[in-house]
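Line by line, the protein sequences give chains H and Z.
Counted the way my numbering counts, the first sequence spans residues 1 to 145.
Counted the way my numbering counts, the second sequence spans residues 1001 to 1434.
Calculated from the structure, these hints are not laboratory results.
Glycine included, C-beta positions come from ideal geometry on N, C-alpha and C.
Do not rely on the hints blindly, as some may be mistaken.
Claimed, not checked - For each label pair, taking beta carbons as the anchor points, the in silico distance ranges come out as: (1) H:C18 - Z:V1280: 45 to 55 Å; (2) Z:D1380 - H:I80: 31 to 41 Å; (3) Z:K1200 - H:S22: 36 to 46 Å; (4) Z:Y1036 - H:K57: 57 to 67 Å; (5) H:G63 - Z:Y1087: 46 to 56 Å; (6) H:V97 - Z:D1380: 14 to 24 Å; (7) H:T21 - Z:T1216: 44 to 54 Å; (8) Z:S1416 - H:K123: 34 to 44 Å.
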Amino acid sequence: MLINQLSVFIENKKGRLCDITSSLKKASVDIRAISVFDSSEFGILRLVVDQPEVGAKVLREAGHVVKLAQVLALDPSDKIGSLNDLFCLLYEQNINVEYVYSFVMPNNTGSPLIILKTDDQEKAIKVLQTSDAILIPSKNVYQQK
Amino acid sequence: MKIWSDKESLSRDEIKAIQFTRLKETLHRVYDKVPYYKQMFIDKGVHPDDIKSLDDMHLLPLTTKEDLRKNYPFGLFAKPKNEIVRYHASSGTTGKPTVVGYTKNDIEVWTEVIARLATMAGVTAEDTAQITFGFGLFTGAFGLQQGLERIGAGVIPMSSGNTQKQIMIMQDFQTTTLIGTPSYALHLAETAYDIGIDPKKDLFLKYGLFGGEGSTEEMRNKLNEAWGIFATENYGMSELIGPGVAGECQALTGMHICEDHFIAEIIDPETLEVLPEGSVGELIITPISKEALPLIRYRTKDITRLDSSPCSCGRTTTRIAKLSGRTDDMLIIGGVNVFPSQIEGVLLGIEGIGSNYQIRVLKKGYLDKIEIDVEVANSDLLDSVTLLDALYNEIAHKLTTVLGIHAGIHLVEPKSLTRSEGKAKRVIDQRNEK
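Whenever a hint applies, use it, and build me the whole structure from the sequences.
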């Protein structure tokens, strides 16, 4: 269930995203989701890619500090209040959401999907399995062999 | 213009006679009482009796800050602890500062030389002096306080910081004399203008006595302009006595040395040869009245030259020209001495930092400021921005608590700092860049 996300340290400077995506493009790594928040000087770029190991390797070779973090990919189902249900459920179970961002899959129809990182991923999986949300298996995110 | 002591206007021969007598006493004192010095003399193949005139001083060993560190805390003291009445220590050093001690007589000499400097600068018993140096281990504040009280001036021991209150007190107490570092004085002036006080109209300042860090003529002009004062500079360092070694008179022809207490020489910092008067080189000072911590030919690392031509003020003492730099890479930030190696020590003691960093020294307004770029090396910090923020805060906190400096910190990508060939250029001085 858990998906390897690339976390990359970046400075808030011109051309940084271009550098990083160039390295991935050269290695034919497909970006499924990307997130970076505005920050004054530095931040963490988070990427879900089809080949996390390859992506991490090429970025490290290019001199970046990269960490593979385990996140959840969810289809919250396309109806009003579905995200609200999801976050309330996690709250009721005393699970803290560290970050969340959205992405789409190839052949994606219907609602956008979300990437979720909580302070207790294993517990979150158990809780979410009882909900309407659909957990997307990592093999669907990674490149099909 | 008043001259505080008749020792300031003796003939050159009279000054030299006093210097020689006191030098001999000092040499015998260190040889007999300080084993480390005795060994240094033996290693150099010289005995106090070999010194037959001031011209023989070049035979004597030089003392460095390293010698003081090696003998931390009291190894170079020539008096037992029961005769020490005061301790101070150098500002801004890590773990082991250089410790200095004073006997009753040392305090008396210190008070006397500051009284001379304050008088040279124009201060009298009519004046009220506000001291903005920090009262503590640092010698600046106490030194000035004693000497100013000696001449009858009223001392306001404000200590450092608390800028707005400084201005309020200055106004309410009608301060006439400002004591501090030149950079802090400019910062104070800026703050005064910011809160709607025009120092020239709303305050009562006449004199500024500045020290603790080198300053330029441009700085003096700015100080005079901002405050409407007559600014003078004085020179000293804790190892030698604190402030009080030399100071400017109102003729501004250089800093008059209190030569009955200090002998100045200029050497080539490379060859260590003594250079003739007028040459630019490293200033070497031998205190010749000190009882607790007599030092022989102390290397100040300050670059300057000497001038003993007559001064229009009537004093006959040799003058030190404005310092033009230092032989090593020490930074002086807001009066605090900092070596890049100390910053490195702090940074490298923190987990998650690469060994590559860069220190940039800049001017922010009138104050010198340090910016440090640090490469992030540890990927475990990428779980959340909170961890990066914590690293940032840890660096800032350690620099403040260990070194006493405030630095701007920038976390940068690994390998983003310029790698230099060979010796790394860790410190980039951008103070003169526009």
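Against the structure, the hints:
At roughly 51 Å, the beta carbons of C18 of chain H and V1280 of chain Z sit within the given window of 45 to 55 Å. Between D1380 of chain Z and I80 of chain H the Cβ separation comes to about 40 Å, which falls inside the hinted range of 31 to 41 Å. K1200 of chain Z and S22 of chain H have their C-beta atoms about 59 Å apart, which leaves the hinted 36 to 46 Å range violated. Separated by about 58 Å at the C-beta atoms, Y1036 of chain Z and K57 of chain H satisfy the suggested range of 57 to 67 Å.
The supplied range of 46 to 56 Å is met by G63 of chain H and Y1087 of chain Z, whose beta-carbon atoms lie about 50 Å from each other. In this structure the supplied range 14 to 24 Å holds for V97 of chain H paired with D1380 of chain Z, their Cβ-Cβ distance being about 21 Å. Between T21 of chain H and T1216 of chain Z the CB atoms are about 49 Å apart, so this pair conforms to the stated range of 44 to 54 Å. Between S1416 of chain Z and K123 of chain H the beta carbon distance is about 38 Å. The supplied range of 34 to 44 Å therefore holds.
When each numbered hint is compared with the structure, a violation occurs for hint 3 only.
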